[in-house]
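Take a look at the letters that make up each chain.
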Amino acid sequence: MGTIRLQSVTKRFDAVEVIPGVDLSIREGEFIVFVGPSGCGKSTILRLIAGLEDVSSGEIFIDEKPVAQEPASQRGLAMVFQSYALYPHMSVRGNIAFGLKMAGQPKELIEAKVAKAAETLNLTDYLDRKPRQLSGGQRQRVAIGRAIVREPKAFLFDEPLSNLDAALRVQMRLEIMQLHKTLKATMVYVTHDQVEAMTMADRIVVLNKGRIEQVGTPMELYDRPNSLFVAGFIGSPKMNLVSGPAAEQYGAATIGIRPEHIAIGEGAKAVTARIRIAEHLGSDTFIHLDTDELGALTVRAQGHVEAAPGTSLSVILDPARIHRFDAHGKVIVHA
Amino acid sequence: MATHHAIRLGRLATAPSVLVLFMWMIVPLAMTVWFSLLRYNLLDAENAYFAGLDNYIYFVTDPAFSDAIKNTLLLVGTVLAVSVIFGIALALLLDQAILGRSIVRLLIITPFFVMPTVSALVWKNMMMHPVSGVIAYLFKILGLAPIDWFADAPRSAIAIMVSWQWLPFATLIFLTSVQSLDEEQKEAAEMDGASPFAYFFYIVLPHLARPITVVILIETIFLLNVFAEIYVTGSGGMAGNMPYLVYFQGLLNFDVGGASAGGIIAVILANIVAVFLMRMIGKTLES
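Top line first, the protein sequences correspond to chains X and P. Start counting the first sequence at 1; every next residue gets the next number (my numbering). Start counting the second sequence at 1; every next residue gets the next number (my numbering).
None of these hints come from the bench; they were simulated from the model. Source: prediction; values computed, not measured. For each residue, glycine too, the CB sits at the ideal point set by N, CA and C. One should not assume that every hint holds.
Unchecked claim - Below, in silico cross-link-like pairs of lysine-lysine (DSS-like), each with a Cα-Cα straight-line distance of 25 Å or less:
1) Lys130(X) <-> Lys124(P)
2) Lys130(X) <-> Lys116(X)
3) Lys186(P) <-> Lys153(X)
4) Lys101(X) <-> Lys186(P)
5) Lys116(X) <-> Lys209(X)
6) Lys153(X) <-> Lys101(X)
7) Lys113(X) <-> Lys70(P)
8) Lys113(X) <-> Lys130(X)
9) Lys130(X) <-> Lys107(X)
10) Lys238(X) <-> Lys209(X)
11) Lys153(X) <-> Lys113(X)
12) Lys140(P) <-> Lys70(P)
What the hints assert, rightly or not - Residues on chain X that point at chain P, a partial pick, calculated with CB under 10 Å:
13) Ala50
14) Pro66
15) Ala68
16) Pro71
17) Ala72
18) Gln74
19) Leu77
20) Leu100
21) Pro106
22) Lys107
23) Leu109
24) Ala112
25) Arg150
Unchecked claim - Every beta carbon over 12 Å from chain P, so not counted as near; a handful from chain X, in silico:
26) Lys65
27) Arg75
28) Ala263
29) Arg276
30) Pro319
Could you put together the complete structure from these sequences and hints?
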């Protein structure tokens with residue numbers, strides 16, 4: 001239980017076409033992440049699946065049952081909102097129990113389910129508190145608890161970690177992944193943070209202007225981006241993209257190479273560069289370079305590398321790791 | 001936060017205005033207390049003398065007194081109930097995307113801007129007049145006998161008029177509160193399968209607890225003092241409340257002592273109501 005299928009789903013707000021047409025199959029138990037810049041339609045697609053927006057055309061199937069015309073509450077999904085959307089005047093217990101209460105479940109059953117969810121999420125000591133007495137991370141867990149108790153066919157997360165500070169975000173990320181392992185439930189997760197997408201997803205859906213650019217596992221997207229957009233969006237620091245005569249040498253309009261695929265060293269194909277600035281992270285050093293042939297380049301070197309700004313450096317591009325793109329931004333597949 | 005010096009300076013700086021406000025309050029109050037202890041009638045003003053608590057005893061034992069208290073509380077209670085219940089209903093309606101919403105919102109506030117005296121005259125002569133009134137006309141259309149409001153149901157008539165005046169205030173406060181309700185909460189309730197009724201009772205109403213408290217507190221203060229509507233429509237005989245009774249004693253019976261005693265009793269009554277209100281709803285404001 002827990003497959004979701006979108007079939008030529010479109011969404012129009014008055015004259016503006018937000019989603020021109022999306023086809024997507026989400027497998028059972030999969031952790032799928034929608035990622036893209038703001039305004040790319042990722043949240044809209046999630047809300048279409050949830051039933052909080054009506055589709056303009058197309059069909060949504062949950063467990064192969066068409067649900068596009070059904071109200072949100074009938075789709076058997078649970079959603080975790082960006083603002084958590086906890087009911088402020090209800091205790092944690094009341095918040096978690098609300099969905100079950102609305103479903104008219106017996107009291108003892110509700111009590112047992114709430115207790116179990118609270119235990120899973122380490123909320124047992126906070127059951128009688130009000131949301132405003134909780135920290136951000138705890139509120140987030142209550143929101144997740146509210147979703148868990150309903151035993152939904154799939155969980156929908158709408159940028160759930162964007163209101164948390166960096167340290168807590170990493171911790172909650174792990175907790176959500178742990179939860180996915182425990183529940184083995186289908187989860188659809190929306191984020192604009194490609195690090196979240198890379199670390200959490202079984203498969204990533206990269207969206208751009210309401211269209212799906214590419215669907216694949218994090219490593220597929222990383223190693224074989226099928227468009228310039230995906231190449232630029234996935235990976236940090238960003239992939240170096242070079243166009244012009246240097247790209248034409250490779251028979252492409254634009255070539256891309258990731259910072260970690262540029263090595264420091266001498267050789268026949270070495271490129272001489274001036275160091276503009278170096279960022280020392282301890283584990284890595286990001287060196288920003290200016291070159292005559294290729295323009296600005298970023299190089300990721302492992303460990304601590306001495307790189308004084310203004311001095312020159314010789315680097316070699318790994319030819320096997322160069323991505324080639326045509327004038328439309330589509331990848332040119334190696335012959 | 002502040003140093004002792006700053007605190008002392010602050011007290012010193014506010015002292016003059018506090019003093020003026022205190023005098024503003026205490027002089028009339030002290031004079032009223034003093035007059036309330038005198039037998040002081042304007043028809044016989046030279047023979048004023050100290051009468052102790054006699055005025056209070058006369059005022060309280062007057063059969064009009066219990067009627068006045070009953071009318072006061074009845075009026076306050078009815079108008080509060082009407083403005084809270086219908087205020088919430090109207091606020092929810094006005095929150096919907098209806099055609100010409102901004103104009104409707106503006107129109108709905110207008111009764112609040114009409115002077116009580118004017119509103120009373122309009123209601124008496126245009127709306128509730130048993131022969132030429134709009135309500136009588138509607139009754140006749142429906143085949144009912146028109147009501148002579150100020151003769152047969154003066155309390156209801158006053159309550160309707162005052163409700164009409166105060167409903168916009170409540171609506172406005174509730175509307176701003178309804179609009180501040182988080183959209184994602186609404187969607188969360190939708191996902192949780194809450195019916196419109198459940199959504200109203202479990203999400204909207206608790207969200208409105210604080211504005212309801214504010215409306216009850218503020219309206220009570222003003223509703224205890226309703227006078228113009230009763231005076232202008234001439235329904236003080238049957239629907240007279242405490243302010244009207246004080247007026248009656250002072251300016252119709254020329255009994256300054258009795259009116260002062262009534263005034264002090266009204267102050268005490270208002271304080272009792274205030275204490276009850278604070279107890280009842282103070283908790284909502286704190287949390």
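Outcome of the hint check:
1. A distance of roughly 51 Å separates the Cα atoms of Lys130(X) and Lys124(P); the hinted pair therefore is violated under the 25 Å criterion.
2. With a CA separation close to 19 Å, the supplied pair Lys130(X) and Lys116(X) stays within the 25 Å bound.
3. With a C-alpha separation of about 21 Å, the suggested pairing of Lys186(P) with Lys153(X) holds against the 25 Å cut-off.
4. With a CA separation close to 16 Å, the supplied pair Lys101(X) and Lys186(P) stays within the 25 Å bound.
5. Using a Cα cut-off of 25 Å, the hinted pair Lys116(X) and Lys209(X) is violated, with the two alpha carbons roughly 41 Å apart.
6. For the hint pairing Lys153(X) with Lys101(X), the CA-to-CA distance comes to about 19 Å; that is within 25 Å, so the pair holds.
7. A C-alpha spacing of about 52 Å is found between Lys113(X) and Lys70(P), which places the hinted pair above 25 Å, so the restraint is violated.
8. Restraint check for Lys113(X) and Lys130(X): the C-alpha separation of about 19 Å stays at or below 25 Å, so the hint holds.
9. Among the hinted pairs, Lys130(X) with Lys107(X) is consistent with the structure: their alpha-carbon atoms are about 21 Å apart, no more than 25 Å.
10. A distance of roughly 20 Å separates the Cα atoms of Lys238(X) and Lys209(X); the hinted pair therefore holds under the 25 Å criterion.
11. This hinted pair checks out: Lys153(X) and Lys113(X) have alpha carbons roughly 17 Å apart, not beyond 25 Å.
12. About 33 Å separates the Cα atoms of Lys140(P) and Lys70(P), which puts this hinted pair outside 25 Å; it is violated.
13. At its closest, the beta carbon of Ala50(X) sits 7 Å from a beta carbon of chain P; the interface hint therefore holds under the 10 Å criterion.
14. Hint status for Pro66(X): violated, given a least beta-carbon distance of 19 Å to chain P, over 10 Å.
15. For Ala68(X), the interface hint is violated, since its Cβ never comes within 10 Å of a Cβ in chain P; the closest pair sits about 16 Å apart.
16. Hint status for Pro71(X) relative to chain P: holds, with the closest Cβ pair at about 8 Å, below 10 Å.
17. Below 10 Å, beta-carbon pairs count as interface contacts, and Ala72(X) has one with chain P at about 5 Å; its hint therefore holds.
18. Because the beta carbon of Gln74(X) sits about 8 Å from the nearest beta carbon in chain P, less than 10 Å, this interface hint is met.
19. The closest approach between the C-beta of Leu77(X) and any C-beta of chain P is roughly 7 Å, which is under the 10 Å cut-off, so the hint is satisfied.
20. For the restraint placing Leu100(X) at the interface with chain P, the shortest Cβ-Cβ distance is roughly 9 Å, inside the 10 Å limit, so the hint holds.
21. Given hint, Pro106(X) at the interface with chain P, is violated; its Cβ is 16 Å from that chain's nearest Cβ, farther than 10 Å.
22. Below 10 Å, beta-carbon pairs count as interface contacts, and Lys107(X) has none with chain P, the closest being about 16 Å; its hint is therefore violated.
23. Interface hint status for Leu109(X): violated, as the beta-carbon distance to the closest one in chain P is roughly 16 Å, over 10 Å.
24. With 10 Å as the threshold, the beta carbon of Ala112(X) stays out of range of chain P, its nearest partner Cβ sitting at about 19 Å, so the hint is violated.
25. Look at Arg150(X): its Cβ gets to within about 8 Å of chain P, closer than 10 Å, so that hint holds up.
26. Every CB of chain P is more than 12 Å from the CB of Lys65(X) (nearest about 18 Å), matching its label as outside the interface.
27. Its closest Cβ contact with chain P, about 9 Å, brings Arg75(X) to no more than 12 Å, contrary to its assignment away from the interface.
28. Its beta-carbon lying about 48 Å from the closest one in chain P, Ala263(X) satisfies the requirement of being farther than 12 Å from that chain.
29. With a closest Cβ-Cβ approach of about 44 Å to chain P, Arg276(X) is found to remain outside the 12 Å limit, as its non-interface label requires.
30. The Cβ of Pro319(X) lies farther than 12 Å from every Cβ of chain P, with a closest approach of about 50 Å, so its non-interface assignment holds.
Taken one by one, the earlier hints fail for this structure at numbers 1, 5, 7, 12, 14, 15, 21, 22, 23, 24, 27, listed in ascending order.
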